[in-house]
Structure formats: structure tokens, C-alpha cells
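Enquirer: Here is what each chain is made of, one letter per residue.
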Amino acid sequence: MLIDVFSILAMVAWAMSGAIAAGRRSMDWVGVFILAAVTALGGGTMRDVLLGHYPLYWIERPWILGVTTGAAIFAMLIAPFIDRLRRAYLLLDAVGLVVVTIVGCDVARDMGQPFAIAVLAGMITGCVGGVVRDILCNQVPLLFSSELYASVSVLTGILYVGGLELGLDASLVAIAACAIGLTVRLLAVRYNWGTPQFTYTKDW
Amino acid sequence: MLIDVFSILAMVAWAMSGAIAAGRRSMDWVGVFILAAVTALGGGTMRDVLLGHYPLYWIERPWILGVTTGAAIFAMLIAPFIDRLRRAYLLLDAVGLVVVTIVGCDVARDMGQPFAIAVLAGMITGCVGGVVRDILCNQVPLLFSSELYASVSVLTGILYVGGLELGLDASLVAIAACAIGLTVRLLAVRYNWGTPQFTYTKDW
Amino acid sequence: MLIDVFSILAMVAWAMSGAIAAGRRSMDWVGVFILAAVTALGGGTMRDVLLGHYPLYWIERPWILGVTTGAAIFAMLIAPFIDRLRRAYLLLDAVGLVVVTIVGCDVARDMGQPFAIAVLAGMITGCVGGVVRDILCNQVPLLFSSELYASVSVLTGILYVGGLELGLDASLVAIAACAIGLTVRLLAVRYNWGTPQFTYTKDW
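Residue numbers (our numbering), protein chains in the order written: chain A, 1 to 204; chain B, 205 to 408; chain C, 409 to 612.
If you're looking for bench data, these hints aren't it; they were derived computationally from the structure.
Here a beta-carbon is modelled for each residue, glycine too, at the ideal position from N, C-alpha and C.
Not one of these hints is a red herring.
Computed beta-carbon distance windows for the label pairs:
#1 D373(B) to W601(C): 56 to 64 Å
#2 W601(C) to N342(B): 20 to 28 Å
#3 N600(C) to G256(B): 42 to 50 Å
#4 Q139(A) to Y599(C): 31 to 39 Å
#5 A179(A) to N600(C): 51 to 59 Å
#6 R87(A) to W601(C): 53 to 61 Å
#7 G478(C) to N192(A): 23 to 31 Å
Chain A with its partners taken away, still in its complex shape:
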């Protein structure tokens, strides 16, 4: 239940970030709606396609497309002062990341996938939407150089799936994994943590 609520909040936050990215490129409304939907739903879609998990969740529940479109319209309406919401966005985005990661792990586990694939499915669900958004905006995906974003997703997934495989209580494990993941992510944003970069400058 709570997971459903947070999933939808994450979807809204991500759709809004897609709409803002579209606005940076002066896209028309159609572009804004598409980018919002792709950002919000790209991760889960990629997960389902890779796992062969049909029908896709937003095809089964088309009202989800209404949510992303509504969020895009909302982002355009409040655009003049959306920058003041940056902190709220970062919080919502972080909550969304850990919650959606757990949803993704569950989908893979329900299909009987092993540990590594369940964790990966969680990471794909949490991270791919932003990557597709950045590709459509013609820039190197932020994910590849941002503060522990994918790492937090992987950490949350490992804690969650690991806890379940140890036989711990599902709700408890979910709450603990989310809390730890969320804390790490917020600290990473606050103190600008990141994994080391790898720089290669020679010709190859």
C-alpha cells in the first residue's frame, strides 16, 4: 500500500523532471508529454522487456499515462517557481528511487529470478528512465557521473533481496533497506559524495 503511494509519487517526480528537461530544449507540448512519460516509465518498461514480463505494467493500467501527462502539465504550470522546489524534488526523487528499486526487485523475484538478477532488475527500474531522458535530450546520461545514484539503488536492492533470502520479515526488510538507501542518497547529495571517476585521455 505505502509502496504504491510512493511509487506514484516517484512517477510524478520523474515525469516532472522529464518535462523540465524537455523545457530546456524548448520542446513542444507533445515532446514534453512524451519525455515525461519516458522518464517516469522507462525504467520499469526496460525491466519488463528484458525479463519478458508481459503485459507491461502501464499497458495493463493505462491510467498511469494520465498520471505522467498530468504531472507534465503541472510542471509547466509551476515552471516559473519550480526551482524553489529543488529540495522537495531531491527528497521525492530519493524516496522514489529506493521504493521503485524494491518494486523492481519484487517483479524479478516473483518470476523466480536469482539474487543478482533481482538486484539488477531493481537498479534498472530505478535508473533507466533518467538515462533515456538524457539520450532523448542528446546529452551524456547524468547517471554516469552523479552522486551515488545507481549505487544507492544497488545497495537498497542487495539489502532487500539479501534480507528476504535470509528469511527475514518482508515488510521489515523493505523498510530497513529503504531507510538505509535513502539516508545514503541524501548524505551523498548533501556532501557531494560520489564513487571515484575513471578518466582516460589517450587515443585508442
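Got chain A; can you put chains B and C on it based on the hints?
Expert: Frame of chain A, contents of chains B and C only:
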């Protein structure tokens, strides 16, 4: 029948536009053939993958790949004066857009998908090929800032699927939806119509 | 057996090329691992998704993800003098290309696909990983302007599938197709062969 003919014409037109885009980047022949195929077939492929509608249409009918390759060769042959064909291309492209949208709606409807998904399947079929072409050429997809392209596809899909759900005659509805969509698209190109743009310039 | 060994070697070589590409963009470790995996596994993944061939091979055998991650770490460790390995890389890459092409053809043939689709499946397996790598790095895919890369894959596939359809001995055909493809590729790299380019400069 007529729909088949126009679908193939659209495929040819899109394959040629892919070949020309490849030529702008001085790609080699392989690149030209690939970009032609991806532009012509990307929309239907994305639709089928998202719907889980296997086998893909061009895997079932591999001669389609011969059509796109032939169209690419043709585009290279007539490249010196292909710019004079701009009007013919725009017309063919517009006809293709509405016809292919209807084909896409039908695929989703045959799978028992509801209204919103059928319309979306039509739009994906009509629009995604050009988006993939632009990504492969490393530019922001034109779709996101072009005259009512995706909007025309959505309009055609709504009219068509809506008409069918009202129980109207299928052929009649298809013809009417195509005629209206085509008219709007041609007027949009002629008078440079577009949906409003959303521009966001602040940092986020 | 030998095919398995070379497939894994190809995977390692491609994962390393993905890691190096990530290093050129100063990505963080997560970006490096993702780009390595996508480069090494993107081709087979695209083939399986297009053919509807589930479960994907790396989901069935998750240790493959360990191989790509290990290769990425190895690439970072030896980065200071990896440029001296350019020749070894080109050789490994060429061997991998022809071997992986044959694996891809086999997957399609086992599903009962006809000649053209089997050859195409081979090409997709061999070439798509590099294309996705380049898209994620925000550049026009090298494939579209490099020495006979995709052409060698298509040639190998035609020889292999053609030989099988003529009823020749499978191992013999595989070895012959690989040897010819490899020779052509190495000569192409050595003498800078390419297919002609198509350049189009007018407005359209």
C-alpha cells in the same frame, strides 16, 4: 488492401529519409542501409516489443528488409536531385503517418487492448522510427519540435479507435480518420502550425 | 566449446572497450560498469528481444555480468598502458565479431527463422553493443563509418547460414566462415578498407 499499399509507400518514404539522414553524416553504405531500416521499421518494432506482439512483422516477412534496402539504394541514386522531391516526400510522409497509425491501432485492438493503449500504439508506430533515426544521428529528435507530427497521429488514432468503439463501419471510419489527419498535417506543414513550446531556462 | 571460449573472450574485449569509452567521458565507476556490460551484452540482448527469445542469455546465466564487471575493473587497472594493447584488442575484437555472429545466427536458426533473419540476427549480435555504447557516450556510432565492421559480420553470416542450408558439415562451415570473415576484417583494418561513403550536404 489499400492500407497495405500505403504502408509500403510510407516504409519507402521513411527508409529514404533515413538514408538521407545517413548521408548528412557521411555514413558508409552499411550505415545507410541500417539507418533506412531503423527509420522505416523502428516504430512498428517498438510497438510490437512493448505489446509483447511476437513475432515482429518484419521477422515474419523478411522481404520487408529488401524493401527498405532498395529504398535506400534508390535514395542514394537520386540524391543529386532528391531535394526537388521535397513536396512529394512530405505528402507521402503525411499519408504514411496516418495509414501506419491506423495499422498500429489495429494491432493493439486485435490484442484486446483498451482505447488509450490502442491510440498510443498507433502513435508509437507512426513516430518512433524518426526518433530512433535522430538518436542514431546524435541530434535531439525532430519529433519533439515539429509541426503537429505526433499530434496528428494521436488525433487520427482517437478518431479511428473512437469511431470503432462507437460501432461505426470500419472502412468508413478508417477513411474519415485518415482524411482528417492528413488534412490537419498538410495544413500544419503549409502554415507552420505547431503546438505551443515549453521553454525552461533556469538552472535546476 | 571453442565457440564458447571465443564468445567469452569477445565479451571481455568489448566490455573493456566500453570501460575505456566511459573513461573518455570521465564517468564514475558505476558508469564504467554499466557501459562495459551494455557494450558486451547489448548485441545479444537486442537480438533476443527482437526475436522474442526469452529468457535472455545473461539473465539465465548471471555470472556473465560478473565477467563484464571484472573486465571493466581490469581495463581500469591496466589503463595507463592499455594503448599498447591496441593490436591485441583489434585481433580479439575481430575474432569475437565473427564468432559472436555465428552464435547469433545459430540462435535464430534454432528458432526456425529463414536465411535473411538468421544473417541479420548474427549481425545484430555482433554490432549493436558498440552502437549502444556510442549512443550512451553521445556520439554518432562508429559502426556507421568504420572499416567493413558490419559488412564482415554480414559476410560471415551469409557464408555460415548459406553453407548450413547447402547441407555442409556444421563445424567445417563455421570454421571456414570465421576464417574468411576474420581475414577480410584484418585486411580491412590493416589497409583501411571501407565501403564507399554516401555524403549528402544539401538542405532537406
